[in-house]
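J.: Listed below, chain by chain, are the residues.
Protein chains: 2
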Amino acid sequence: MLHVKSLDESKMLLKKRFSERCMSCETVPLEKSIDRILFADILSKEHVPGFDRSSVDGYAVMASDTFGCSESLPALLKNIGAVEMGEIPAFTITKGCCCYVPTGGAMPRGADAMVMIEYTETLPDGSIAVEKPSAPGAGIIYKGDDIKPGDIILKAGKRLLPKDIGALAAMGETALSVYKKPRIAVLSTGDELVLPDQAPSMGQIRDVNQSLLLAALVKTGAEPVGYGIIKDMKGKIKNAVAEAVDDYDMVLVSGGTSVGIKDVAEEVLGELGEVLLHGIALKPGKPTIAADVHGKPVIWLPGHPAAAYFVYMLLVEPLLFGILGCTEGPRKESFTLMRTVPSNHGREECMPVSISGGHAVPIPIKSGLITTLSRADGFFIINRDSEGIKQGDRVNVILF
Amino acid sequence: MLHVKSLDESKMLLKKRFSERCMSCETVPLEKSIDRILFADILSKEHVPGFDRSSVDGYAVMASDTFGCSESLPALLKNIGAVEMGEIPAFTITKGCCCYVPTGGAMPRGADAMVMIEYTETLPDGSIAVEKPSAPGAGIIYKGDDIKPGDIILKAGKRLLPKDIGALAAMGETALSVYKKPRIAVLSTGDELVLPDQAPSMGQIRDVNQSLLLAALVKTGAEPVGYGIIKDMKGKIKNAVAEAVDDYDMVLVSGGTSVGIKDVAEEVLGELGEVLLHGIALKPGKPTIAADVHGKPVIWLPGHPAAAYFVYMLLVEPLLFGILGCTEGPRKESFTLMRTVPSNHGREECMPVSISGGHAVPIPIKSGLITTLSRADGFFIINRDSEGIKQGDRVNVILF
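Residue numbers (the working numbering), protein chains in the order written: chain A, 60 to 459; chain B, 60 to 459.
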């Protein structure tokens, strides 16, 4: 029999055991890459911009032609043309000349500064009066100013956001190596469970964990498959888990609250592979079992949906992030606690909270399942050695 | 010519004008409802739990039978059976009797309290010694304790998270009314633009805005369609926008930095419908135009990708939330500013920041496009009347 482990010990144990289980990569087109995890650093192959560009609307000049000019004594320059967007100007700026360049337009040869249009006036004869001097380099973004070949644009393990996709488009990275989505089987056990679309008879309840975990896995970036409800019979559970391990990268089982089923869970996993963990010093969430079956993680979560979800977020998601090579953690934010919560003894405790007006409001422990799930915006962890957390203290809330 | 409006004025103007454009609803199965927006309040039709349940593993008793018992003087009760999960017990607990009930099992008739198994001992003759008194109601969750018929479970406008999907599964809500996803056309204009998978010639750059906006729209919950790059010719742009307005719920155009194209944008939109807004007092983001074309919003965003994305988040996303009936706002979080940023005058300014060690680090204004997009984790707004924001001040960062 394994002894109960702390949450951190449990996380480390799974991380170490499955550190070699990282997903392989696949190539996806840029437009399908949102929320995917980069497999390798993206290095620039190019200069950005690829040519000297104007950063303002105005006139390209030789800076020395503008030195000393002012509103009362403008520099008069001959306008020799306009740069079209997307084209390289054929002409060259020489002493005493200028040309119009729009924002983003290519700088003509010879010019070393821009004068903003606001500081110029077009005279009746077509020449340009410059009323403010420009220093060399003013208003120009030089080739490679932003990015040079070899610069790292995005790092491996990054989950791609819209702005990253914008940067990749700019670099011409239209086919991306990302981690394959881990395929994960989700099983519910429990003789009292019926499917969500069935009307429970007296003594029965609807299975919540499967829907909850499938949705959570999608958000984490996995590809989950529901195995439905397995009856609380050792043979059936063992067959279902064995089949799921063969076909998927990870298996999540939950539930089993019938008499003796807790032992069945450990028996089944022990017969199929090696039980690594039986019991976490976490409230709720203690009856969690983790096993290595043919090198794949099988996690047996508590039957109570809130407990199952806490353990998902605290133990399963970090393991998945590891397998996905993903460098992010859960979404945490600090809030002021609205009401004192009592200390607890000997194990860490998950305290569900709703967020209201920037405060974290603890949801009474006695709240039922639906109330907890529908009202909570997240939860924080009370340390095992905490003396209680006072109203007004800051707490780090893991947001749902 | 319309005068430049503040960001707040612009938001209110669009909100009011398109307040009637709310999407209609469609029904989706629960397992496809993640991230969708609820169209109507979800009210419970049932009691949850639907029957009195035990919240502990232990023995169902008549509380009065346990009064006064202790470890040294246990109450001795006859064990008349065990409740199976998912079944209603056929027997009734009478004075001097008890039965085993697992966590979540139905309470037998007659019993009014649970005794946790830890406080009992099974004697050789099979009877149960109870070593701690239980008060009436102890260890029982009564029918409807969590939810009663008519209670609101989730409110209209809620974006569905995994935990909401769990609550809905528990309530048997397996077909959900959600807002239809608005279908949005995205057009880029600019003669200097090439597609991201093309190699730009000198003077050309790759189109970033289309990829960026398509990805952003997916994250917001819309169904975007890319129209590609439209050449900077009034006729072509007008035809493309007119066609897009016919086919989609909203149209986003971006770019047009060529000489005179800013006027073309206003001309096109003015000829097709009514221009509502031309210019926002926002840096960057000023050259934003909004129009009402046949009752549908057409927003013309700046060509610079960072500016386009700021205006997307500040103006387009709130409008979309309104159309989606969605009650959420952007994801904001407060951070300490790492470095003083100077004041600006007359218009609000978006300051991109990276987040590092809990601090917001301003990204220099001179940073190029890729650097800004790849390094920034969000941005904050400097008010138009701000005297500058000092190192150590708290800023509200809108996170990407």
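Quick caveat, the hints were computed from the structure, so don't treat them as lab data. By construction, the Cβ of each residue, glycine as well, lies at the ideal position given by its N, Cα and C atoms. Check the hints yourself; a few may be wrong.
As the list claims (entries may be wrong) - To be clear about the criterion: a stretch of chain B counts as covered by chain A if any three or more of its residues have a C-beta under 8 Å from a C-beta of chain A, and this derived list gives those stretches: (1) 99–110; (2) 267–275; (3) 301–312; (4) 379–388; (5) 431–445.
J.: For every hint, state whether the structure bears it out.
T.: Results of checking the hints against the structure:
Evaluation of the coverage hint for the region 99–110 of chain B: fulfilled, as 5 residues show C-beta separations to chain A shorter than 8 Å, against a requirement of three. Given a C-beta distance limit of less than 8 Å, the hint that chain A covers the region 267–275 of chain B holds, as 9 residues qualify and 3 suffice. Closer than 8 Å: that is the beta-carbon criterion, and the region 301–312 of chain B has 0 residues meeting it against chain A, so the requirement of 3 is violated. For the region 379–388 of chain B, the stated coverage by chain A is not satisfied: 0 residues place a CB nearer than 8 Å to a CB of that chain, which falls below the threshold of 3.
Three residues within the 8 Å Cβ limit are the bar, and the region 431–445 of chain B against chain A gives 3, so the coverage statement holds.
In this structure, the earlier hints numbered 3, 4 are contradicted, and the remaining ones agree with it.
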